[in-house]
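Engineer: Sequence:
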Amino acid sequence: MDDAEGARTSGPRRPGATEDERLFSLPLAPAARPAPTPDTWRVLRILGEFVEGFDTLADLPPGVTVFGSARTLPDAPLYAAASETARLLAQAGFAVITGGGPGIMEAANRGAREGGGDSVGLNIELPFEQGTNSYVDTAVHFRYFFVRKTMFVKYSVGFIVFPGGYGTLDELFEALTLIQTEKIKHFPLVLFGSGYWRGLVGWLRDTVAAERKIDVKDLDIFTVTDDPGQAVAAVAKARETLRAIAEKNEQARAGHGLW
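For the sequence shown, the working numbering begins at 121 and goes up steadily by one.
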C-alpha cells in the first residue's frame with residue numbers, strides 16, 4: 121500500500137493461477153498433479169489474443185498510450201493533470217489508450233471521453249481482480265502481458281508516462297529499449313511530473329551514463345514536463361513527422377514502383 125496514494129482499488133484475489141503464471145511455470149512435479157496444457161497448444165490461445173487485438177484496434181486513429189499508477193485517487197492533482205492531458209489529446213485527434221484500470225488510467229480514459237475522442241482500455245488478467253473503468257469505450261482483455269505490450273506500442277505514436285510503480289516502470293524501460301535499439305522511430309516518450317522523475321533522471325545521468333552503461337545521447341530519448349500542452353505537442357510533432365515520411369514513401373512508390 122502506498123500511503124501517498126491510498127490502497128490499490130482491486131477486487132479479491134482470483135482463484136487459481138493466471139495464464140501468464142501457467143506459461144512461466146516449469147513442470148517440477150508432473151506426477152503430483154494433472155498434466156498441464158502443452159505449450160504448443162497454448163500458442164493457439166496466444167495467437168487468438170493477437171488476432172483479437174489487431175481486429176479490434178485496426179481502425180483507430182493514431183493513438184497515444186498514457187501510463188501511470190492505478191493507486192492515484194480522483195482528488196489527486198495528477199489525476200486532474202492526466203485527465204486534462206487526455207482531453208487535449210482527444211481534441212487533437214488522437215485515440216487515448218490505457219491499461220483500462222483505475223487511477224491514472226481512469227483519469228486518461230475520462231479525459232478522452234470528455235474530449236470527444238476514442239477511449240481505449242487494454243486490460244490484463246491479474247492475480248487480484250482489476251475491472252475496466254467506466255470511461256473505457258473500446259475494451260480488449262488480455263491474458264498475456266507480452267501480447268498486451270505489443271498492442272500498446274503498435275497502435276501508439278508515443279507514450280506519456282505519469283508517476284507509477286513497477287508496472288509503469290516496466291512499460292517505460294521497455295519503450296526506452298525499443299527506441300534505443302531503433303525498433304521504433306520518431307516515438308516521443310514523455311515523463312509527466314518532474315518532481316517524481318527527478319531522482320530517476322539524475323541516476324540515469326550521474327550513474328548509468330557516467331559509467332558508460334548508456335550513451336549520453338540516450339538521455340535525449342525522453343522529455344520531462346509538468347505541462348499537459350507540452351506533452352501533447354511532443355506527440356503531435358511526431359505524428360506530423362510520421363505522416364511526412366509515409367507521404368514521401370508513397371510518392372516514391374508511385375513514381376518508381378517497388379523496384
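For the record, the hints were derived by calculation from the structure and aren't laboratory data.
Please note that a few of the clues may not be correct.
List of simulated lysine-lysine pairs, DSBU-like, C-alpha gap at most 30 Å [claimed, not checked]:
#1 Lys274 x Lys333
#2 Lys368 x Lys303
#3 Lys303 x Lys274
#4 Lys274 x Lys305
#5 Lys305 x Lys333
#6 Lys368 x Lys274
#7 Lys274 x Lys357
#8 Lys368 x Lys333
#9 Lys357 x Lys303
#10 Lys305 x Lys269
#11 Lys357 x Lys337
#12 Lys357 x Lys269
#13 Lys368 x Lys305
Engineer: If a hint holds in the structure, say so; if it doesn't, say that too.
Structural biologist: Taking the hints in turn, this is what the structure says about them:
Our distance criterion of 30 Å between C-alpha atoms is met by Lys274 and Lys333, whose separation comes to about 28 Å. Note on Lys368 and Lys303: the hinted pairing holds, with a Cα-Cα distance of about 20 Å set against a maximum of 30 Å. At most 30 Å may separate the alpha-carbon atoms for a hinted pair to count; Lys303 and Lys274 meet this at roughly 11 Å. Only pairs whose Cα atoms come within 30 Å are accepted, and Lys274 paired with Lys305 is accepted, the gap being roughly 12 Å.
Annotation: proposed proximity of Lys305 to Lys333 holds, straight-line Cα distance about 21 Å (limit 30 Å). At most 30 Å may separate the alpha-carbon atoms for a hinted pair to count; Lys368 and Lys274 meet this at roughly 21 Å. Our distance criterion of 30 Å between C-alpha atoms is met by Lys274 and Lys357, whose separation comes to about 18 Å. Our distance criterion of 30 Å between C-alpha atoms is broken by Lys368 and Lys333, whose separation comes to about 36 Å.
Annotation: proposed proximity of Lys357 to Lys303 holds, straight-line Cα distance about 19 Å (limit 30 Å). At roughly 17 Å between alpha-carbon atoms, Lys305 and Lys269 fall within 30 Å of each other, so this suggested pair holds. With a C-alpha separation of about 20 Å, the suggested pair Lys357 and Lys337 falls inside the 30 Å cut-off, and the hint holds. With a C-alpha separation of about 23 Å, the suggested pair Lys357 and Lys269 falls inside the 30 Å cut-off, and the hint holds.
For the given pair, Lys368 sits about 16 Å from Lys305 by alpha-carbon distance, which is consistent with the 30 Å threshold.
In terms of the numbered hints stated before, the structure departs from hint 8 and from no other.
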